[in-house]
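Undergrad: Spelled out, the chains give:
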Amino acid sequence: MSGVTGKTKERLLYLASPIGLLVLWQLLLMAGLGDRRFIPTPSDIAARYWQMVASGELAQHTGVTLYRVFAGFFIGSIPGIAVGLLMAMFRPVRIVVDPLIAALFPIPKIALMPLLLLAFGFGDASKIALVAIAVFFPVIINTYSGAANIEKIYWDVARNFGASQQVMFRRIVFFGALPMIFAGLRIALAVSFIVLVAAEFVATKAGIGYLIWNSWELLQVDVMFVGIVTVGILGLIATVALQEIERKVIPWKAE
Amino acid sequence: MKSQRRGAAVDISGLRREYANGQGTVVAIDHVDLSVAPGEFLCIVGPSGCGKSTLLRILAGLDRQSSGSIKVHATGWAVENAMVFQDSGLFPWMDVETNVRFGLDTRGVARPEAEARVEAALKLVGLGKFRRHYPHQLSGGMRQRSAIARAFVTDPGMLLMDEPFAALDAQNRVLLQAELVRLWEQTGKTVIYVTHSIEEALLMGDRTVIMTAQPGRIKQIIDVPFPHPRDLIQLSASAEFGRLKLDIWKVLEEEVMRARAEIER
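Chains P and B, in that order, are what the protein sequence lines are.
Letter by letter, the first sequence follows residues 1 to 255 in my numbering.
Letter by letter, the second sequence follows residues 1 to 265 in my numbering.
A few of these clues could be false.
As the list claims (entries may be wrong) - Here are the computed distance ranges between Cβ atoms for each label pair: (1) B:A20 x P:L12: 52 to 62 Å; (2) P:A59 x B:G128: 48 to 58 Å; (3) B:H133 x P:F90: 30 to 40 Å; (4) B:S139 x P:S164: 24 to 34 Å; (5) B:H133 x P:E10: 18 to 28 Å; (6) B:G128 x P:P99: 47 to 57 Å; (7) B:G242 x P:P251: 44 to 54 Å; (8) B:G128 x P:Q166: 29 to 39 Å.
Stated by the list, open to error - Listed next, the in silico BS3-like pairs over lysine-lysine satisfying Cα-Cα at most 25 Å (straight line): (9) P:K9 x P:K253; (10) B:K129 x P:K248; (11) P:K9 x P:K248; (12) P:K7 x P:K205; (13) P:K253 x B:K129; (14) P:K152 x P:K253.
No wet-lab data here; the hints were simulated from the structure.
We put the CB at the ideal spot given by N, CA and C, even for glycine.
In isolation and in its complexed conformation, chain P is listed as follows (with noise of 0.2 Å):
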């Protein structure tokens, strides 16, 4: 009993905080401190949230994101994956890709997307690129690192019991490697988001950064609003349903 109402007093607590936020903004407003033109109250945003909704816009422009977002969060986080637990088990991989991940992944991948754009044009490719390429690094940084990791004594086990490379590969290294694949999956889904938004603001008709942005070039800051409070729901939404699938597929996990 007292397990199931101290996880709904859990869930009930996480929500708390940002509808404070928001009701403390709205009364903020409300008193007259600050110009709805420029800074519309969430209830100003919600009416224009649901008008959007109900034209279909928002939809249109929500499809578009997230059809760039997960294909560039697949193509990129599973050779990211590959290639960290083969670091991680072959020395040689290691030496030859760490140089390349050290002098790559400081490079703010936005500043690859005018290269992007000239290799893949101003489709969706160039976007599920760039995402992908953000995605990498985070995945094959965790996942080596939790690869590397894996405590000697399983390394030991495996060993004595007659496992194959491919043994060691398959049901040891990517295994005892999934807690950290997951914590770097859940900082590449989040970084996927910023990195699309900022490189939907140019060279593209459709997604909740050319929303933002040109609901900037019109002044309509409710819609950028909108559009905005649209990415946070999409990265929530997102989170939670990892969350949710690492908690179904890691069940050894102490509580």
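For this one, chain P is given, so just place chain B on it according to the hints.
TA: Leaving out everything else, chain B in the frame of chain P:
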């Protein structure tokens, strides 16, 4: 029900293992000559750092000697050895059943046969009902039982055990010692059991090897005169047991003191 099969025989001669560290070389074990009879239960005791774990790891194929030779004759057994580690070494991401099956999967045993053998091994250690549990859901004693099942299921000629019960509470330790001796009596496997406890060595073993402090050498080998099958609780309360324990402690004490002086120097 005594098994007709006899476990692996081991011949160790002139074994030496040295490591390079910052200042030079450290000799972990040196001049180790030892013959283990088929089906023998051999215990190795010594002060910490005496290289007893190193010896076991070399036997397990997890480390290599610098010089000397090891010959193991394990014909008639599916695998030469299987190790039981101090803190079980169960893979946390596999349930008990999958952990126990691991050494069969790696050796390509067909699934129906593997499952039947896992079933039998789990029954042997009394964990049939816990097959779907993950290691973190088990007590320390149950984890070690699983690790023993995982070793037994591969049908090794020799079991290598590295202080497997050291982390258990006293009651659980006694239970598991008795179970291990029973399993050993039934299966005829050779057991090489590393421990720091003289009592444990005398309770279970046929012979006890006492090792010196670093570098680890064999100081003395003591024949344990108690016949099998043994009642471990009764045995531990007997006067003869107490006398033998004291004798061994006197031999070992010197080495423990020497090891301590070495550290404090």
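Undergrad: Now look at each hint and say whether the structure bears it out.
TA: Status of each hint after checking the structure:
Range check, A20 (chain B) to L12 (chain P): Cβ separation about 60 Å, and the 52 to 62 Å hint holds. Under the hint 48 to 58 Å, the C-beta atoms of A59 (chain P) and G128 (chain B), about 54 Å apart, fit the expected range. Our hint of 30 to 40 Å for H133 (chain B) and F90 (chain P) holds, since their Cβ atoms are close to 34 Å apart. One distance hint, 24 to 34 Å for the beta-carbon pair S139 (chain B) and S164 (chain P), holds here, with the actual separation near 32 Å.
Checked against the given bound of 18 to 28 Å, the beta carbons of H133 (chain B) and E10 (chain P), roughly 26 Å apart, stay inside it. Distance hint check for G128 (chain B) and P99 (chain P): the Cβ-Cβ separation is about 53 Å, which falls inside the suggested range of 47 to 57 Å. Separated by about 49 Å at the C-beta atoms, G242 (chain B) and P251 (chain P) satisfy the suggested range of 44 to 54 Å. Range check, G128 (chain B) to Q166 (chain P): Cβ separation about 31 Å, and the 29 to 39 Å hint holds.
Taking the CA atoms of K9 (chain P) and K253 (chain P), the gap is about 22 Å. The hint holds against a cut of 25 Å. Between the alpha carbons of K129 (chain B) and K248 (chain P) the distance comes to roughly 23 Å, so the proposed pair stays at or under 25 Å and holds. With a C-alpha separation of about 22 Å, the suggested pair K9 (chain P) and K248 (chain P) falls inside the 25 Å cut-off, and the hint holds. The straight-line distance between the Cα atoms of K7 (chain P) and K205 (chain P) is roughly 43 Å, outside the 25 Å bound, and the hint therefore fails.
In summary, the hint linking K253 (chain P) to K129 (chain B) is supported, as the alpha carbons are separated by about 21 Å, within the 25 Å threshold. In summary, the hint linking K152 (chain P) to K253 (chain P) is supported, as the alpha carbons are separated by about 19 Å, within the 25 Å threshold.
Of the numbered hints listed earlier, the single one contradicted by the structure is hint 12.
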